[in-house]
Each structure stands twice: as structure tokens, then as C-alpha cells.
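Undergrad: As a plain string of letters, each chain reads:
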Amino acid sequence: METPVIDVRHLSRHFRQKSGGFFRGTTLKAVDDVSFTILPGETFGIVGESGCGKSTVARSIMCLEPPTSGEIFFEGTRIDTLREYRRRGLRPRFQMVFQDSGATLNPRKRIEDILREPMLYHRIGDPHGLDTRIDELLMSVGLGPQARSRYPHEFSGGQRQRLCIARALSINPDLIVLDEPVSALDVSVQAQILNLLQNLQTERHLTYLFISHGLGAVRYISHRIAVMYRGRFVETGPCQTIFDHPAHPYTQALIDAAPSVKERKPRRKLMLSGEIGDAVPTGACPLVHRCPLSDSACLHYKPCLNPVSGEPAHLSACMRNLGAIND
Amino acid sequence: MSPLLSIQDLSIAFGTKPDCITVTDRITFDLEAGEILSLVGESGCGKSVTALSILGLLPRTASVLSGKICFDGQNLLTMSSRDLDRIRGNSISMIFQDIMYSLNPVFTIRNQMCEGMICHLGLSRRDAYSRAADLLRRTGLPDPESVLQKYPHQLSGGQRQRVMIAMALACRPKLLIADEPTTALDVTIQMQIMNLLLDLRRETGMAILLITHDIGLVSEFADRMAVMYAGQCVEIGETSRIIARPAHAYTHALLSAVPDVSGVNRHLVSIPGSVPERYDRLKGCRFASRCPMITSCSFRTIPDFREVEPGHLTRCTAFGKGL
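If you read the protein sequences in the order shown, they are chains A and B. Start counting at 1 in the first sequence, then tack on 1, and there's your number in the numbering used here. Start counting at 1 in the second sequence, then tack on 5, and there's your number in the numbering used here.
The hints are simulated quantities; they were obtained by calculation from the structure and are not laboratory data. The reader is advised that the hints may include incorrect statements.
[Stated by the list, open to error] Partner residues aside, some chain B positions facing chain A, computed with beta carbon under 10 Å:
#  : residue
1  : S48
2  : G78
3  : L82
4  : G162
5  : T193
6  : V223
7  : D265
8  : V269
9  : V274
10 : G278
11 : S279
C-beta: ideal position from N, C-alpha, C; glycine also.
Let the sequences and hints guide you as you build the complete structure.
TA: Printed below as a string of C-alpha cells:
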């Protein structure tokens, strides 16, 4: 079996709340016992509403956030406990692209310097040949060499996102963590970036962790997805299966709620009431107050991911099977 | 019968004369009572400016070059600001996108909600309070009395948007302008808010001008839609017809670029390039530089509206003829 690029086992990240009045001293479980693997050349999508912990998962994988418990392996090496100087050798192999492309490019540097710096730091390529490499990078993300001597503010949002991708590519990573890369962009530009990412993946055999709250984008680009709610995975499986036959009420509700061009829906089967922040008693299903299907049993049992009948790769964390409702 | 709101040839420019930028170019549309019309387009296409001009909320750097905005037979553009004050928040009200900044952080919700009702409807404080609580309950907030005592920062995004809607509805408007009302919210909350707006329209018969960039939202909720590109309205008509048979190259491209949740677009066809800078100086079709059908049309002249079906107008000379 292939070694997975990323293997996350029982990852948790808890924050102790120091301020916040009433909530002072309580623990916020941003990520709670999350496990998944990503195989080489695959795109793994994480989808969920704001505040569900999807960005914390990304930051933990990038070692920007130490996990409270759990293990993270990158190609078989455990990275969360490595010391920083040992980790540095692995760093160029996993890179991240952030949502706010304007804030992640230094406004006082020219594009060529922004792209050159990581290569110099990680000693990638011949120092004298870096100029041609910068041109190649710019070409590969669809920008011309004339972009080299310009500053970040001279570019539009979509172009800046291309520059961030170019910077991530500059040191030949295997894995790119994409945290909401297209959420801030207009539809026509969104399509450009999604297609660019797909082309780069086939050319360079890249592995992606794609994080977004936009179901459409996740569906378009991912091979496998996980739906996240309040720090936990509530459903994982192949992308097509989950969108066609969601097994968890939350997934169903998300898909129903996402406005669609093609179907004017009288098909709304499930609607959630309340909000993601509403308090839930300990030991209960996290969705208990919002789920239209919940009953008293859901108050006393916190379900784990279990295989949905017929498909071993398709896991859902719900007490009841949604199959009956889908028919 | 004349329409509730009628905008004719509205052109708005920013800056001073020799080098001002015309951001909307001869926008024309009508809105009937009880109808939901959506202005849809990408950022910078002039949809928000159009909305702001209706209420006379344009920034000082902007000026209206030409056009008329008629509401109930009165031209809002020539009205004195005192007369406008009687209409704003009363028979026309607005919900804004940035819910953070649209509520005053130093006053309680009660204070802010009651102010408008006391001014416009002449209610007493006590009546205004009970009406505010009633409105909040209607928008689906579970405990309106406690919400009224709170300050905006104590509420979540969805709750704040509900407060905004309740406030906008306080004086029973005939027209509600909703500028990206759900863009900052999660999809499940978005669905709750949009269904709420639909319910309220059914009850009160108000018209809604929905401004959004989300073409999925438009196709589900709007009766008619107007597609905007680079300051121009390029296509207008019934939503279902435009979605099924777009008659403008831009609309068509937009529809095939949406990563839709239904998975209908197996391969996204991206629109090459970006919106031209200084598009107001272009002589011909503004979409020409990005248009895939450019060879089959006369793009050098400014295209005028052409009717493809009754009530379905397009500015594209090439598209929709053979379809």
C-alpha cells in the first residue's frame, strides 16, 4: 500500500479561553479527535461552516498550531513532535496558500523577491539560475514575466492568488494546503483558479488539502471529502457518494441549503434551526438542537464515525441511517 | 398601472469632470409591487452603487450624470433631503452587507429599533417597544425581550442580520433593498434568512431588490434578474428563462463558470482575463475582450437592448439568435 502523504491520527486542538466573560476558563474544542489520511496525488476536501475548526486542522498540519493531542505523520515521519530545526528539512515539501492573498504578500517587496526568497532559504536550484526559474513559475500560473518587477498591490485578487500559488510551488512541494483559496474571488476568477489548481495537480502530481465553506468548489475539485461540524468530522467518503447520497443529516442540510443554479428546490427535505454556536450538553450529539430528526436518544449519545452500509470508505457519525429519507 | 420603482437611464460617475469615471451607464429597469428583482454581477460592476443611489446614499465623490429614479410616481433624485427622509426607512428600507457596521455599537438594539418607529410612525415608546419585540419574534429570534436589551457585539452574525431585517421592516416598507444580505453568513443561516424574506413578502406584499453576486441564490429566489457587467445592465428578464436560455455571452459564461453544488458543471469554463480597467472609455461592447463569441458579432458599436422573448432583453448581438 502507498504511504499516505498525510496521516492524521486522533488530532485534537483545545483552546483554554482566557477572556470572554462568562466563558472564561472553559475549554473550546476547536478540533476534537479527527483522523484522516491523504494519498499521493489526491485532493482531500474539508467543508464546513465558519468556526467548525477546518482552518485549525490546516494550521496543525502546517505545524503552525501545536496539537493538544494526537499524531500527524508526513510521509511516514511524525512531524508534530519534531524540533523546529529538524523539521526545517521537511518544510519545503508541504506548503500553504491562504485565503487573504493580499495580506500574505509583503507589500514592500517586488514579485521576483517574493518568489526568490523561499528558494534561497531552502537552497532550491542553482542560485544563478533562479531568474529563469522565476519566469517559469510565473508562466505556470498564467502570469507573464513582466509581473516580476511589480509590487503586490498592482495585481487584482485573482492574480494575487496566482502569485501565492507560484510562491508555494517555488520550492517543489508534494503537498499544498489550500485554506479557502477561492472564497474571496469572483465567480469567473474562481473558475480560473480552480482549473489552474487542477492542471498543476496533473502536471506535477501534487497532493492537495482543500478547505472551503463553498460546497460547489469542494465538490468540483475534491476526490474525497470530510464534512466538519463543531470540531468533529461528521461524514467522510468519496466526493461523489457524499453529494449524491449524504448519510448524515448535517451534510444533507448543507447540500439542501446551498443555493443551486439548476434546481429550484421544492426538494428541501431537511432544514436546520438555530446556529452553530448554540450550547450543547456534554455527551450529546453536537447537532442535537439543530437537527430535525433528533430525539431523546441523541441527547445521551455522541456518535463516532461508522461505515454506512454498502460502502466501506463512506463513514458517518449519526445514529440513524438517512437512506430511508433519501428514497 | 405604473411600476413601484422605475429607474431610467441612470448614469453615475465618481470624481470630477474631465477625468471622472462613469461607474453605471444608463441603467434602466422597473420593479413591480410584490416582485423580487435581483441585480447580479461580479464585484465592481456597479450594482451596489445603483442601490445606494435609490436612497440618495451615494458618497460625496459621486454624482448622478443623467437619469430618473421614480418611486410611486415621484422622482427621488430631484427630491429635497427632507422629503427623502420621509421615504428612507419608511416606505423604502435597506439591509446592508456589513452587518458589523450597520448597527451602532454604543446603543442597545431596543434603542436603535424604536428610534425609526417613533420618528416615522409617531408611536409612543411603549408601543414602539412592543412592536419591536413582535418584529423580532417574527424574524425567528427565540427570546426577543432579551435581545432588545443587548448591544450589537453580544449577538452572532445571523442574529444581527435578523435584527437588521426586523428594523428594515418596522415601518412596513413597500420596497426592501437587500444589498448582499447573506454574503457574510453560513449557508444554513443564509437559507433561514432567505426563507424569512420570502415569508415576509408573502405577508406584507413588499417588493425586494436583491443585490448579490451569487447566481445560485438568484436562480432560487428572484422572479426576475438583471445581469450587470462593467457598469452596464447586459441582460434582463425572468430568472427561469435566463437560467435556461441565457441570451448574453457574459451570462452564459458566468453560468458555466459556477462550481455548482448540484455538480452540473463537470468542467468549469473560466472566463479569460479580467474586467477591463476604465471600462467607461470603451467604445463598443464591454465584454468584447473576454468574449468567446467575438467573431460572430459587431462588437465595435455599443449594442442596444434587443428583445429575445417578451420581457427578456439582451445587449448581445451574437448570442441567443440560433438558440
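Undergrad: Confirm or reject each hint.
TA: Structure-based check of each hint:
1. A hinted interface residue such as S48/B counts as satisfied when its beta carbon comes closer than 10 Å to some beta carbon of chain A; here the least separation is about 6 Å, so the hint holds.
2. The beta carbon of G78/B comes no nearer than 34 Å to any beta carbon in chain A, farther than 10 Å, and the hint placing it at the interface is violated.
3. Checking L82/B against chain A: minimum C-beta separation of about 30 Å lies over 10 Å; hint violated.
4. Residue-level restraint check for G162/B holds (minimum Cβ-Cβ distance to chain A is 8 Å; threshold 10 Å).
5. Taking 10 Å as the C-beta contact cut-off toward chain A, the hint placing T193/B at the interface holds, the least distance being around 5 Å.
6. Annotation: interface hint on V223/B holds; nearest CB of chain A at approximately 8 Å, less than 10 Å.
7. Nearest Cβ of chain A to the Cβ of D265/B: about 5 Å, under the 10 Å cut. The hint holds.
8. Of the supplied interface hints, the one on V269/B holds, with its beta-carbon coming within about 5 Å of a beta-carbon of chain A, less than 10 Å.
9. For V274/B, the shortest C-beta to C-beta distance to chain A is roughly 7 Å, which falls under 10 Å, so the interface hint holds.
10. With a cut of 10 Å, the hint placing G278/B at the interface with chain A holds, because the nearest CB-to-CB distance is about 9 Å.
11. Contact between S279/B and chain A, as hinted, is supported at the beta carbon level, the nearest pair being about 6 Å apart and thus within 10 Å.
Checked against the numbered hints given earlier, this structure breaks hints 2 and 3; the rest are met.
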